[in-house]
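Residue numbers (numbering that gives the first Met the number 0), protein chains in the order written: chain A, 0 to 377; chain B, 0 to 351; chain C, 0 to 74.
Please keep in mind that the hints were generated in silico from the structure rather than gathered at the bench. We treat Cβ as the ideally placed atom computed from N, Cα and C, and that holds for glycine. A few of these clues could be false.
[As the list claims (entries may be wrong)] Heads up, simulated DSBU-like pairs for lysine-lysine below, C-alpha to C-alpha not over 35 Å straight-line: (1) Lys11/A / Lys348/A; (2) Lys153/A / Lys59/C; (3) Lys294/A / Lys40/C; (4) Lys1/A / Lys155/A; (5) Lys59/C / Lys291/B; (6) Lys11/A / Lys46/C; (7) Lys40/C / Lys296/B.
[Stated by the list, open to error] Non-contacting residues of chain B with respect to chain C, defined by C-beta distances greater than 10 Å in every case (computed): (8) Lys24; (9) Phe53; (10) Thr59; (11) Glu63; (12) Lys66; (13) Ile99; (14) Ala103; (15) Gly107; (16) Ser204; (17) Ile234; (18) Asp238; (19) Lys261; (20) Glu330.
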Amino acid sequence: MKIAVLGTGITKFGERWEKSLVDLAEGAALEALDDAKVQVSGIEAIFIGNMLSGRVDNQVHLGSLIGERLRFNGPTVRIEGACASGGMATREAVLSLLSGEYKKVLVVGVEKMTDCQNSQISEALMSAAGEEERRAGLTFPSLFALMARAYMEKYKVSEKDLAAVAVKNHFHASFNPKAQFPFEITTKQVLKSPKITEPIKLFDCSPISDGAAAVVLADKDTPCQVAIIASAQASDTLSLARRRNLTKLLSVEKAAQKAYQMADIGPKDIDLAEVHDCFTIAEIMALEALGFYKKGEGWRGAVEEGTYLGGKLPVNTSGGLKAFGHPVGATGVKQVVEIANQLKNKAGKRQVKGARIGLTQNIGGAGGTAVVHILSND
Amino acid sequence: MINIKKLKSVGIVGFGGYIPRFRIKVEEIAKAHGKEGKKIAKSLGVLEKSVANFDEDTVTMAVEAAKLALARANIEPKKIGAVFVGSESHPYTVKPSSTIVGEALGIGNEYMTADLEFACKAGTAGMQILAGFLGSGMIDYGLVIGSDKAQSKKGDVLEYTASSGAAAFVLGRKKEEFLAELEGFTSYTSDTPDFWRRKGKDYPSHGGRFTGEVAYFRHVIQSTKKFLEKTRRKIADYDYVIFHMPNKKFPERVAKRLGVEKQQLEPGLIVEKIGNPYSASSLLSLCTVLEKAKANKSVLLTSYGSGAGADTLSFKTTALLSQKQSGPKVEDFIKEKEEIDYVGYLKKLGEL
Amino acid sequence: MSFSVIHIPPSGFEDQIPYRVGLVELKDGSRMMGQIVESKKLRIGQKMKAVFRILNLQEKEGVIHYGIKFKPWKK
């Protein structure tokens, strides 16, 4: 496939109390349209990725709301798959272009999370998990804590090894003015941060954020500098209790396999990746599922600096979810924005020199859904 | 009037107790209220009491005890035809505990039930009712549980002893399955308001010294005496004698007055280590006795419930009993303990 | 199979922190997520016993939810 990425737009991620959800969506959308040199009237459909607006804002029907703000009368669709909503919205847009129904569409991932109390957001995020897990008093981080503990026990990995992921992503974010936390942190700071759900501490977790990201996509007949050459999605069980192996992200493995096949390449051909580091352990497990590291070796990425800017395979040059921010519905689209800009040589201080092929990996819940995209500038 | 001799073949085919893990010392409670703990502990004869965890209640403890009773009885839960949970701390004022217990144990839908309350003797009352059902032949097996998470006003004398626990019994009517036969029972009942809790109130009230002679002693003694008289038996005929234990002093005193020897009373006297778990008190004592007793031993039990009444029941163990004494015993539960302080106690009660 | 100690709770569990949750493998091979109570230390592979407890403690007016939790099991 060859889906043109005509333009990208992204708001600053963070505590954007002065902006509403639709303000953020509009901001990113207009920036993307401007970058693509396309008017709203040139767009044939809008795909929106968002998880929580129904719960935290009591607002559904986002398609109509955002369409109203952008003065758009065409079809609008809201797609939800927990934290994979952004990646899924991108995929649905890709499929719509492949179907031939449209030639040019807009994808917007947007989330507003900071207007609630922590406990409300915590509860809302748990709607991505199962009933049994909620009744047992689990929190979203605790699902990953269970996976982390199993991983650490199996592969003899320490909390210090996990912390390296957070340190790396903050280092990258220090070059990114739109990041929520554009500053470095130390391993010591991570290890001393308050316990959330052992072994996960505050600095192992991505933050609660507001933000939006958008891309304008067009069909294969449209000339472009960067294109999406593969799009794949896969699922795993919702509940951890129904999974055979706590240390594997099966949905990511399956989606990645499909995507590599589609693009006719392998993990070795990827120059850089944006992966879903909702928690430090998630990046480590993703690197293994994507085939970049062998099972049980994913932790080497940050520790041995192979996944740093300038390393063999820079991962999360945007700052990842941890340092750039994680407005859940926006993240999947933000990953595409980052890779597209890297491939267009527009990443400034974070530029990966000579990048040709990039990959995005976005998951929902504790890995119940995974979406992988591969982009290229050939 | 009660015709003791009319009782048909009824016996215990399974039994089990449950005592929660936590303990608070009488001295620790006294310290919190600025009182002299050693003196109080001595006068009550109680060292510490059992405290349920914050996520336990009458129903959860009843289920734990009943699970053990059913396992020992080794019968299909669906064969149970009636369930009675006796308590003065049912979690709902309206909505039976017994249906939650029945559901959790897989008893199915074909069973008769209603909740029971008679202060500390609701459990034995349940046994009497089941004996009636079983005697009629309408049911083959019945389940009765005495369970309480006893409440008390802070600083009141009851706070030192009001504790938590549960004891469950599966009763049947086939002699060959009996672990102990229920030979007969009687009751002595009157309207004596020695201890009560009004609707909507969190804590019970009591009549101080009025709970002694006129209440506990009169009813326990009268019921026991009437039973012995009607069955032409003597206290000395019994290997084990169990009384309801609001503290250690009352049963010791009533034992003396009835001519009960120390060795008859000792094996069941568990109040010193766990306090008074109300409806489970005399029944937990019965459990521990059954877990120790050999074949052909006789047990006399008189429970007491404020308001007031006493039930006297007589049991005879069988040879089958020794095969059913495994599993977590009451004495294991007594030993499996974790001490907490007054702050921990308030946390467990959900008041902190 | 795995466990965690939760310090930041969801609403309704504030008065229980820190509490333990775990993924327990049952006798028939299936698995269940549950709270682990009355334990001092935990390690992967430890034997557990299922216990019947109250799940929604903060609910004062509605129906009480009972369910399964786990506690360490010694012989």
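To see whether the hints hold, each was checked on the structure:
| no. | hint | in the structure |
| --- | --- | --- |
| 1 | Lys11/A / Lys348/A | holds, 17 Å |
| 2 | Lys153/A / Lys59/C | violated, 43 Å |
| 3 | Lys294/A / Lys40/C | holds, 29 Å |
| 4 | Lys1/A / Lys155/A | violated, 42 Å |
| 5 | Lys59/C / Lys291/B | violated, 42 Å |
| 6 | Lys11/A / Lys46/C | violated, 49 Å |
| 7 | Lys40/C / Lys296/B | violated, 43 Å |
| 8 | Lys24 | holds, 19 Å |
| 9 | Phe53 | violated, 6 Å |
| 10 | Thr59 | violated, 5 Å |
| 11 | Glu63 | violated, 6 Å |
| 12 | Lys66 | violated, 8 Å |
| 13 | Ile99 | violated, 6 Å |
| 14 | Ala103 | violated, 6 Å |
| 15 | Gly107 | holds, 18 Å |
| 16 | Ser204 | holds, 23 Å |
| 17 | Ile234 | holds, 39 Å |
| 18 | Asp238 | holds, 31 Å |
| 19 | Lys261 | holds, 33 Å |
| 20 | Glu330 | holds, 15 Å |
In terms of the numbered hints stated before, the structure departs from hints 2, 4, 5, 6, 7, 9, 10, 11, 12, 13 and 14, listed from lowest to highest.
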